[in-house]
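J.: Position 198, counted from 1, in the sequence shown is what my numbering calls 198; the numbers after and before it change by one each time, with no gaps.
Hints listed in this document are in silico derivations from the structure and should not be mistaken for laboratory results.
Be aware that a few hints might be false.
Under the rule of at most 16 Å between Cα atoms (straight-line distance), these lysine to aspartate or glutamate pairs were calculated in the EDC-like manner [said to hold, decoys possible]:
#1 Lys128 <-> Asp113
#2 Lys199 <-> Glu217
#3 Lys208 <-> Asp87
#4 Lys109 <-> Asp87
#5 Lys72 <-> Glu82
#6 Lys128 <-> Glu82
#7 Lys109 <-> Glu150
#8 Lys199 <-> Asp181
#9 Lys109 <-> Glu153
#10 Lys199 <-> Asp224
#11 Lys109 <-> Glu137
#12 Lys109 <-> Asp78
#13 Lys264 <-> Glu82
#14 Lys72 <-> Asp90
#15 Lys72 <-> Glu153
#16 Lys270 <-> Asp28
#17 Lys109 <-> Asp156
#18 Lys270 <-> Glu217
#19 Lys138 <-> Asp78
#20 Lys72 <-> Glu150
#21 Lys264 <-> Glu32
#22 Lys72 <-> Glu256
Simulated restraints, written as ranges between beta carbons of each label pair [said to hold, decoys possible]:
#23 Pro158 <-> Asp34: 13 to 23 Å
#24 Ala291 <-> His66: 14 to 24 Å
#25 Tyr214 <-> His79: 43 to 53 Å
#26 Gly157 <-> Pro211: 40 to 50 Å
Even for Gly, the Cβ is constructed at its ideal location relative to N, Cα and C.
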Amino acid sequence: MAWRDRRIAKLEEQISQLKEASVRPSYDVKIETDRRLHSLRVAEEAPIKSANLDGKFAIYDFVTSHGVEIPKQLGRWDHPTEIPWGDLPDFVVIKSAHGSTSRGVFPVKRVGDGWQIATQSDVGPGEKIGRRLAWLEKKGRVGGPYGAEEFLEGPDGPGSLPIDIKAYTFYGEVPVLMLCDRRQHQASEGATYRYINPKGRDTRGITKGSPTDYTIEPPANLHDVVAVASRLSLAFRQPFLRIDLYSIGQRVVFGEITPRPGGKDWFGPKLDVTLGDAWERAQIRIERDLAAETADLSETAPTIG
1 MAWRDRRIAK LEEQISQLKE ASVRPSYDVK IETDRRLHSL RVAEEAPIKS
51 ANLDGKFAIY DFVTSHGVEI PKQLGRWDHP TEIPWGDLPD FVVIKSAHGS
101 TSRGVFPVKR VGDGWQIATQ SDVGPGEKIG RRLAWLEKKG RVGGPYGAEE
151 FLEGPDGPGS LPIDIKAYTF YGEVPVLMLC DRRQHQASEG ATYRYINPKG
201 RDTRGITKGS PTDYTIEPPA NLHDVVAVAS RLSLAFRQPF LRIDLYSIGQ
251 RVVFGEITPR PGGKDWFGPK LDVTLGDAWE RAQIRIERDL AAETADLSET
301 APTIG
């Protein structure tokens, strides 16, 4: 523990020096710093590296308490081998409470007497998916409980995946959103991206190594999407969070929270500074608000790791 505390203190000193030397803040510097500090702090305490250390379902409860819709919940089980596949609808998403990078998320559809992961070709018994989740749990990559929830329909009709809307939020501010059309679940192949501002205009953000697709339409209810992202950003009281949402018709449906996005985002120098500025302003507003309020512990947001 002592060596880790010394490393954290040294890194924090370096961060302080960097801030003093830097003319303008940088999102890239801030997110990388946050990743390093987090990895040091949880190396011994968190065997399962999850964005939501309280679990996705605890996050769901908090989100709904703030008037934001989640996918319809169809059941929860302590172990994936307990999932009653015969009782599920033909299209469903199976999800673990703990896990990162979509390892424990399986959008599936019924094909004859078997099940198929959306956009993939293999068909097998549902129990095979349950065994795969059990193996992931044994390896420490996911953790229960396990739930079944509504399959949100994408633009290509039943069984297609919806457009991911990833809002980059800074305690109420939403300067940029990434739209992701992912044809292959848990795979970068075939995924295309478009970065827009809250008014639906293109920004300079790109995903390195992946095409920018200007044909991905911003949601018709973009104003509502931004409002929901802003509301949740304020509720979680974090200077930065990426909040994933879906626009299904006129519905705005919550997906997940990511405090330290990985991947290949590149915003360019101008937008990088814009987001860095937003991060610093968010931190100042949070500190101001906390100083002015008496916190009610019963309404504290779930831990965002």
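J.: Confirm or reject each hint.
T.: Hint-by-hint comparison with the structure:
Only pairs whose Cα atoms come within 16 Å are accepted, and Lys128 paired with Asp113 is accepted, the gap being roughly 13 Å. A threshold of 16 Å between alpha carbons decides the hint, and for Lys199 with Glu217 the separation of about 12 Å falls inside it, so the pair holds. A C-alpha spacing of about 42 Å is found between Lys208 and Asp87, which places the hinted pair above 16 Å, so the restraint is violated. Proposed proximity of Lys109 and Asp87 is supported: the alpha carbons are some 13 Å apart, at most 16 Å.
Proposed proximity of Lys72 and Glu82 is contradicted: the alpha carbons are some 20 Å apart, above 16 Å. Distance restraint check for Lys128 and Glu82: the Cα-Cα separation of roughly 12 Å lies within the 16 Å cut-off, and the hinted pair is therefore satisfied. Taken as a hint, the Lys109 and Glu150 pair is honoured in the structure, with Cα atoms around 11 Å apart against an allowance of 16 Å. For a cut-off of 16 Å, the pair hint linking Lys199 to Asp181 is broken: about 19 Å separates their Cα positions.
As the CA atoms of Lys109 and Glu153 are separated by approximately 12 Å, the hinted pair is consistent with the 16 Å bound. Taking the CA atoms of Lys199 and Asp224, the gap is about 11 Å. The hint holds against a cut of 16 Å. For the hint pairing Lys109 with Glu137, the CA-to-CA distance comes to about 23 Å; that exceeds 16 Å, so the pair is violated. Using a Cα cut-off of 16 Å, the hinted pair Lys109 and Asp78 is violated, with the two alpha carbons roughly 22 Å apart.
Among the hinted pairs, Lys264 with Glu82 is inconsistent with the structure: their alpha-carbon atoms are about 37 Å apart, more than 16 Å. About 14 Å separates the Cα atoms of Lys72 and Asp90, which keeps this hinted pair within 16 Å; it holds. Distance restraint check for Lys72 and Glu153: the Cα-Cα separation of roughly 13 Å lies within the 16 Å cut-off, and the hinted pair is therefore satisfied. Only pairs whose Cα atoms come within 16 Å are accepted, and Lys270 paired with Asp28 is accepted, the gap being roughly 12 Å.
With a C-alpha separation of about 15 Å, the suggested pairing of Lys109 with Asp156 holds against the 16 Å cut-off. Simply put, Lys270 and Glu217 have alpha-carbon atoms about 24 Å apart, too far for the 16 Å limit, and the pair is violated. With a C-alpha separation of about 14 Å, the suggested pair Lys138 and Asp78 falls inside the 16 Å cut-off, and the hint holds. Taken as a hint, the Lys72 and Glu150 pair is honoured in the structure, with Cα atoms around 5 Å apart against an allowance of 16 Å.
Proposed proximity of Lys264 and Glu32 is supported: the alpha carbons are some 12 Å apart, at most 16 Å. A hinted pair counts as satisfied when its Cα atoms are at most 16 Å apart, and Lys72 with Glu256 qualifies at roughly 14 Å. As the Cβ distance of Pro158 to Asp34 is approximately 39 Å, the hint placing it in 13 to 23 Å is violated. Separated by about 23 Å at the C-beta atoms, Ala291 and His66 satisfy the suggested range of 14 to 24 Å.
At about 45 Å, the CB distance of Tyr214 to His79 agrees with the hint of 43 to 53 Å. About 23 Å separates the C-beta atoms of Gly157 and Pro211, a value inconsistent with the hinted range of 40 to 50 Å.
Of the numbered hints given earlier, the model fails hints 3, 5, 8, 11, 12, 13, 18, 23, 26; all others are met.
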